[in-house]
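Undergrad: Residue strings, one per chain:
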Amino acid sequence: MKPHRRKKLGIILFIAAGLSVAVGFTAYALKQNINMFYTPTQVAEGEVGAGQHFRIGGMVKTGTVLGAPDSLKVNFVTTDFVSDVPIQYEGILPDLFREGQGIVAEGEMDAAGVFQASRVLAKHDENFMSPEVKAALDAAGASADNHMPAGTN
Amino acid sequence: MWVWFSKLGSPKWFYELSGKWLPWLIAAMVIFMAIGLVWGLLFLPPDYQQGFTSRILIVHVAVAGTSLAFFPLMFVAGTITLVWRMKLADMVAKNAAILGAWFSFVTLATGSLWGSVMWGTWWEWTDSRLVSMLFQLFLLLGVISLRSALEDSDTAAKACALLSIVGCINVVIIKYSVEWWNTLHQVSSPVNMDASSPNGPEFWIATLIMIVAVYLFLSVSLILSTRNEILERERKAQWVQDLVLKS
Chain A
220 MKPHRRKKLG IILFIAAGLS VAVGFTAYAL KQNINMFYTP TQVAEGEVGA GQHFRIGGMV
280 KTGTVLGAPD SLKVNFVTTD FVSDVPIQYE GILPDLFREG QGIVAEGEMD AAGVFQASRV
340 LAKHDENFMS PEVKAALDAA GASADNHMPA GTN
Chain B
172 MWVWFSKLGS PKWFYELSGK WLPWLIAAMV IFMAIGLVWG LLFLPPDYQQ GFTSRILIVH
232 VAVAGTSLAF FPLMFVAGTI TLVWRMKLAD MVAKNAAILG AWFSFVTLAT GSLWGSVMWG
292 TWWEWTDSRL VSMLFQLFLL LGVISLRSAL EDSDTAAKAC ALLSIVGCIN VVIIKYSVEW
352 WNTLHQVSSP VNMDASSPNG PEFWIATLIM IVAVYLFLSV SLILSTRNEI LERERKAQWV
412 QDLVLKS
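Top to bottom, those sequences are chains A and B.
Under my numbering, the first residue of the first sequence is numbered 220, with each subsequent residue one higher.
Under my numbering, the first residue of the second sequence is numbered 172, with each subsequent residue one higher.
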């Protein structure tokens with residue numbers, strides 16, 4: 220390879236390497252800002268300031284969904300299996316919302332420690348199953364309850 | 172090796188060789204595309220929770236995965252343009268940017284379609300996977316407009332090469348965004364041969380066929396558009412004039 224080409228190639232590789240390091244550090248520094256939601260444990264540990272508008276992500280705890288019979292109000296508990304946060308919401312839930320399912324809710328904590336959600340989104344995990352496989356797994360006793368949404372750690 | 176390398180850089184040689192490859196590539200593309208689309212969209216079993224909506228992902232995953240190949244490709248082409256001044260590399264890079272923008276757009280569109288049904292939202296600005304993918308679309312649009320903004324084609328080639336090299340880092344961010352940060356977007360599904368557990372063979376083999384089909388589509392489109400580019404840029408060369416007169 221001719222010397223001037225070697226030099227140019229060196230410069231390009233240097234730019235690429237330098238940029239990777241710079242972006243890596245920036246991403247690391249912005250880690251919390253880039254996260255889409257807080258986990259119930261982070262909320263319990265007081266990482267969210269009082270009165271702050273934020274998003275919380277976790278699983279809908281089995282057996283906690285209580286819908287009002289005459290309105291769209293619904294109460295449920297979200298959990299990361301370490302801490303729980305009760306959520307109150309009024310509105311239409313996504314089709315995928317159900318017990319044991321991952322969700323992301325947006326809103327703020329009220330004085331009573333209940334998360335007043337203005338929006339609830341369903342989070343799907345990376346697992347896809349045909350109804351037959353699901354039925355077979357249920358029959359074998361391995362229910363889908365241990366599906367943690369990614370990032371809830 | 173260097174002889175072969177400089178031969179590949181000759182537009183005439185590429186034009187003749189790609190002309191021989193094209194029929195085979197097109198045939199393979201049609202076969203894989205037909206199998207992938209018919210199986211993936213008509214026969215794949217529904218997901219137990221998502222129903223038939225899960226079939227959108229067969230297309231989405233294949234196009235999204237392939238769209239991540241454009242910046243690495245443009246990185247290599249850009250490096251060759253800057254270091255070896257090979258004209259062919261710039262012709263490939265120019266068309267890769269346009270194709271890549273379409274791939275990114277289809278990724279975002281199919282993802283939104285699925286998200287609007289399953290998540291309950293078609294777009295979330297706070298999700299790093301979604302935003303980094305949108306950024307890739309904007310970067311590619313930036314490369315395209317940079318080229319058209321610069322009148323001197325040599326300057327344009329160098330500027331686009333540099334922007335492609337710099338923009339390549341975004342691919343790493345897109346790929347690992349779902350692991351580094353918590354997002355609404357799920358992580359990649361693991362490959363699994365066991366038929367009795369989630370993500371069984373039928374899901375990922377159908378996806379794999381679609382990925383091969385989409386990569387073949389990419390190759391065919393890129394070769395066809397590069398051949399056009401060669402004819403246009405080399406129109407004063409003797410071999411192009413002979414070719415035109417013959418046909």
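Watch out, some of these pointers could steer you wrong.
Just some of the chain B residues that point at chain A, by a computed CB distance under 10 Å [said to hold, decoys possible]: (1) W184; (2) L228; (3) S367; (4) V383.
BS3-like cross-link-like pairs, simulated, lysine-lysine; straight-line CA separation at most 30 Å [stated by the list, open to error]: (5) K227(A) to K346(B); (6) K226(A) to K258(B); (7) K183(B) to K258(B); (8) K221(A) to K178(B); (9) K227(A) to K178(B); (10) K178(B) to K346(B); (11) K178(B) to K258(B); (12) K250(A) to K346(B); (13) K250(A) to K280(A); (14) K221(A) to K346(B); (15) K329(B) to K226(A); (16) K191(B) to K227(A); (17) K258(B) to K417(B); (18) K280(A) to K292(A); (19) K227(A) to K417(B); (20) K178(B) to K226(A); (21) K178(B) to K407(B); (22) K227(A) to K183(B); (23) K221(A) to K258(B); (24) K329(B) to K258(B); (25) K183(B) to K417(B); (26) K191(B) to K258(B); (27) K417(B) to K221(A); (28) K353(A) to K280(A).
The hints are simulated quantities; they were obtained by calculation from the structure and are not laboratory data.
Built from N, CA and C at the ideal position, the CB exists for glycine as well.
Undergrad: Work down the list of hints and note, for each, if the structure agrees.
TA: Now the hints, each set against the structure:
{"no.": "1", "hint": "W184", "result": "21 Å, violated"}
{"no.": "2", "hint": "L228", "result": "8 Å, holds"}
{"no.": "3", "hint": "S367", "result": "6 Å, holds"}
{"no.": "4", "hint": "V383", "result": "20 Å, violated"}
{"no.": "5", "hint": "K227(A) to K346(B)", "result": "29 Å, holds"}
{"no.": "6", "hint": "K226(A) to K258(B)", "result": "20 Å, holds"}
{"no.": "7", "hint": "K183(B) to K258(B)", "result": "11 Å, holds"}
{"no.": "8", "hint": "K221(A) to K178(B)", "result": "18 Å, holds"}
{"no.": "9", "hint": "K227(A) to K178(B)", "result": "21 Å, holds"}
{"no.": "10", "hint": "K178(B) to K346(B)", "result": "35 Å, violated"}
{"no.": "11", "hint": "K178(B) to K258(B)", "result": "12 Å, holds"}
{"no.": "12", "hint": "K250(A) to K346(B)", "result": "16 Å, holds"}
{"no.": "13", "hint": "K250(A) to K280(A)", "result": "27 Å, holds"}
{"no.": "14", "hint": "K221(A) to K346(B)", "result": "36 Å, violated"}
{"no.": "15", "hint": "K329(B) to K226(A)", "result": "16 Å, holds"}
{"no.": "16", "hint": "K191(B) to K227(A)", "result": "35 Å, violated"}
{"no.": "17", "hint": "K258(B) to K417(B)", "result": "25 Å, holds"}
{"no.": "18", "hint": "K280(A) to K292(A)", "result": "17 Å, holds"}
{"no.": "19", "hint": "K227(A) to K417(B)", "result": "42 Å, violated"}
{"no.": "20", "hint": "K178(B) to K226(A)", "result": "23 Å, holds"}
{"no.": "21", "hint": "K178(B) to K407(B)", "result": "20 Å, holds"}
{"no.": "22", "hint": "K227(A) to K183(B)", "result": "27 Å, holds"}
{"no.": "23", "hint": "K221(A) to K258(B)", "result": "18 Å, holds"}
{"no.": "24", "hint": "K329(B) to K258(B)", "result": "11 Å, holds"}
{"no.": "25", "hint": "K183(B) to K417(B)", "result": "16 Å, holds"}
{"no.": "26", "hint": "K191(B) to K258(B)", "result": "21 Å, holds"}
{"no.": "27", "hint": "K417(B) to K221(A)", "result": "40 Å, violated"}
{"no.": "28", "hint": "K353(A) to K280(A)", "result": "20 Å, holds"}
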